[in-house]
Amino acid sequence: MGFRLLACLFNLPVAVVYGSLSLFISILHNVFLLYYVDTFVSVYKIDKLSFWVGETVFLIWNSLNDPLFGWLSDRAFLSTQQSGVAISTPEVVLKRLKALSRNGPLFAMSFLAFWIAWATPGLQFLICLCLYDSFLTMVDLNQNALLADLAVSAKDRTGLNFYSSLFSAIGSLSVFMSYAVWNKEDFFSFRIFCVVLAFGSAVGFTLATWLLRQRFQTEGHVKWDENAALKELYIDHPSVQQEKRITLAEYLKQLSRHRNFLWFVSMNLIQVFHCHFNSNFFPLFLEHLLSDRISLSMGSFLLGVSYVAPHLNNLYFLSLCQRWGVYAVVRGLFFLKLLLGVIMLLAGPDWIYLLCFFIASNRVFTEGTCKLLNLVVTDLVDEDLVLNRRQQAASALLFGMVALVTKPGQTFAPLIGTWLLCAYTGYDIFQRDALSNIVSAQPKLASNTAWEPTLRQGCFYLLVFVPITCALLQLLSWSQFTLHGRHLQRVKAQRQTFTESQSQEIKTI
Numbered sequence: 003m004g005f006r007l008l009a010c011l012f013n014l015p016v017a018v019v020y021g022s023l024s025l026f027i028s029i030l031h032n033v034f035l036l037y038y039v040d041t042f043v044s045v046y047k048i049d050k051l052s053f054w055v056g057e058t059v060f061l062i063w064n065s066l067n068d069p070l071f072g073w074l075s076d077r078a079f080l081s082t083q084q085s086g087v088a089i090s091t092p093e094v095v096l097k098r099l100k101a102l103s104r105n106g107p108l109f110a111m112s113f114l115a116f117w118i119a120w121a122t123p124g125l126q127f128l129i130c131l132c133l134y135d136s137f138l139t140m141v142d143l144n145q146n147a148l149l150a151d152l153a154v155s156a157k158d159r160t161g162l163n164f165y166s167s168l169f170s171a172i173g174s175l176s177v178f179m180s181y182a183v184w185n186k187e188d189f190f191s192f193r194i195f196c197v198v199l200a201f202g203s204a205v206g207f208t209l210a211t212w213l214l215r216q217r218f219q220t221e222g223h224v225k226w227d228e229n230a231a232l233k234e235l236y237i238d239h240p241s242v243q244q245e246k247r248i249t250l251a252e253y254l255k256q257l258s259r260h261r262n263f264l265w266f267v268s269m270n271l272i273q274v275f276h277c278h279f280n281s282n283f284f285p286l287f288l289e290h291l292l293s294d295r296i297s298l299s300m301g302s303f304l305l306g307v308s309y310v311a312p313h314l315n316n317l318y319f320l321s322l323c324q325r326w327g328v329y330a331v332v333r334g335l336f337f338l339k340l341l342l343g344v345i346m347l348l349a350g351p352d353w354i355y356l357l358c359f360f361i362a363s364n365r366v367f368t369e370g371t372c373k374l375l376n377l378v379v380t381d382l383v384d385e386d387l388v389l390n391r392r393q394q395a396a397s398a399l400l401f402g403m404v405a406l407v408t409k410p411g412q413t414f415a416p417l418i419g420t421w422l423l424c425a426y427t428g429y430d431i432f433q434r435d436a437l438s439n440i441v442s443a444q445p446k447l448a449s450n451t452a453w454e455p456t457l458r459q460g461c462f463y464l465l466v467f468v469p470i471t472c473a474l475l476q477l478l479s480w481s482q483f484t485l486h487g488r489h490l491q492r493v494k495a496q497r498q499t500f501t502e503s504q505s506q507e508i509k510t511i
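Under the working numbering, residues 3 to 511 are what the sequence shown spells out, in order.
Please keep in mind that the hints were generated in silico from the structure rather than gathered at the bench. Among the clues, some could well be false.
[Unchecked claim] Mimicking PhoX-like on lysine-lysine, the simulated pairs with C-alpha atoms at most 25 Å apart in a straight line are:
{"id": "1", "residue 1": "157", "residue 2": "373"}
{"id": "2", "residue 1": "373", "residue 2": "494"}
{"id": "3", "residue 1": "50", "residue 2": "186"}
{"id": "4", "residue 1": "494", "residue 2": "255"}
{"id": "5", "residue 1": "47", "residue 2": "186"}
{"id": "6", "residue 1": "157", "residue 2": "494"}
{"id": "7", "residue 1": "97", "residue 2": "494"}
[What the hints assert, rightly or not] Computed spacing ranges between beta-carbons, pair by pair:
{"id": "8", "residue 1": "49", "residue 2": "77", "range": "35 to 43 Å"}
{"id": "9", "residue 1": "202", "residue 2": "44", "range": "24 to 32 Å"}
{"id": "10", "residue 1": "125", "residue 2": "158", "range": "42 to 50 Å"}
{"id": "11", "residue 1": "193", "residue 2": "129", "range": "14 to 22 Å"}
{"id": "12", "residue 1": "158", "residue 2": "456", "range": "48 to 56 Å"}
{"id": "13", "residue 1": "49", "residue 2": "187", "range": "17 to 25 Å"}
{"id": "14", "residue 1": "186", "residue 2": "77", "range": "42 to 50 Å"}
{"id": "15", "residue 1": "354", "residue 2": "428", "range": "20 to 28 Å"}
{"id": "16", "residue 1": "194", "residue 2": "344", "range": "43 to 51 Å"}
{"id": "17", "residue 1": "327", "residue 2": "201", "range": "38 to 46 Å"}
{"id": "18", "residue 1": "354", "residue 2": "70", "range": "45 to 53 Å"}
{"id": "19", "residue 1": "202", "residue 2": "303", "range": "22 to 30 Å"}
Where is the CB? At the ideal position from N, CA and C, for every residue including glycine.
Assemble the whole structure, with the sequences as input and the hints as a guide.
Next comes the structure, spelled out in structure tokens:
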């Protein structure tokens, strides 16, 4: 029985095993996004200053660690002149898988550090955020880089992304299960639940990366033997030029001339902000716009659907991408975001079922767009390789540079959102007790009756104006992006030709 199970695992398609990595990330990360702020604010009672200091330090580290880890991972691939023996794809893939096998279990361990009070709230908040994000970054960078390294054609990359979205949807079910054990007063059951999730994630990372390494190990050893022999032939060959190493400053200068990269990151910065704004304020919108008008089970359903539906919906979006292209699908989602925002603004906050649909769909479509953008980054990897004639596609580094510019949106979302809400209504999330006293006071008090409509109105305006503003800015940026259609086909053809010519040159010499 054991041998039969092992044989089944070995026969799994590479796309399925690759997609399973998303399962082991999402079962932890969705729980983290949903509960880490509430845990520190409501359970550990972190003060406002410590929270802002922690988020500020996290903003800086969160932005810098992506390009830092990407540079450390891919700096050897930035050579513009071939040294005779190209780095083979199996070697690159094996390097990524080794990093995943090491950092995946560490990522699971860092997740556990949030749910046990082991230091003062401010210090624990800062250390946990930076530690968790470091390992998450290493896992994300290498997984995303594999998307570009395992396939070149849009069809193959879409297939890899399909299984990644499917397993992410399965991983999102942890949100439903967490709702049954979440209790601010008694944290024990929730802690046990998190230990089980972390253990499953660590084991899953170890098994999935081992399976993928077995697939590429043999091919990688064959390539290494060939390259070792070819390298000897190149030592005294007069026609071979020495490899030119690229410094970080030169690489940044190359990126600054990469027009499509600049327009993409400007659009993606707004997208990251909007995604995290929806995640951070979803419970707040449910509480102040719908809590007294829908049942508790309906609120739980909306919360769960908002985490699962984006992944399932993405499966449909990917089929549209195969037919119309990623650029057209993303542009259509921006127009849809704008249209729904305008309709909701005109309808007002009293159309409860429309409001439920808008709150859920706003998050579903926004998260769905985020998941499609990895395909755009892989196209940028192709264009970067062709424009700069690199020895090997610097996939992880380019993903890291994208994150350098766009990750600040992750921290700006809660900071700007809470500031706007406080400026308009006076509501402060760090003074929940004071608000509870106001809301639960007698209705005859004029100040109290004035407070709740103002807070509800402020939440509604925040809910509709943020997506409208984001959609307008994104449509402006996206209209300047040219890596689609015939231009994209030319880039992919050139990359394929460039890769084949490298192999032919080596064989000829």
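Satisfaction of hint between residue 373 and residue 157, Cα-Cα up to 25 Å: holds, 16 Å
Supplied distance hint 38 to 46 Å, evaluated on CB atoms of residue 327 and residue 201: Since the Cβ atoms of residue 327 and residue 201 sit about 41 Å apart, the hinted range of 38 to 46 Å holds.
Cβ distance range 14 to 22 Å for residue 193 and residue 129, holds or violated: Holds, since residue 193 and residue 129 (Cβ atoms, about 18 Å apart) stay within the stated range.
Status of the given 24 to 32 Å range, CB of residue 44 versus CB of residue 202: Taking Cβ atoms as reference, residue 202 and residue 44 lie about 27 Å apart, which means the hint holds.
Residue 202 versus residue 303 beta-carbon gap, inside 22 to 30 Å or not: holds, 25 Å
Given hint residue 494 paired with residue 373 - CA-CA distance at most 25 Å: holds, 21 Å
Restraint status (C-alpha distance of residue 97 to residue 494 at most 25 Å): Roughly 24 Å between the alpha carbons, so the hint for residue 97 and residue 494 holds.
Residue 125 versus residue 158 beta-carbon gap, inside 42 to 50 Å or not: Distance hint for residue 125, residue 158 holds at roughly 46 Å.
25 Å Cα cutoff - pair residue 50, residue 186: holds, 19 Å
Range hint compliance [Cβ, residue 194 to residue 344, 43 to 51 Å]: holds, 46 Å
Consistency of beta-carbon spacing, residue 187 to residue 49, with hint 17 to 25 Å: holds, 21 Å
Status of the given 20 to 28 Å range, CB of residue 428 versus CB of residue 354: holds, 25 Å
Checked against the numbered hints given earlier, the structure satisfies every one of them.
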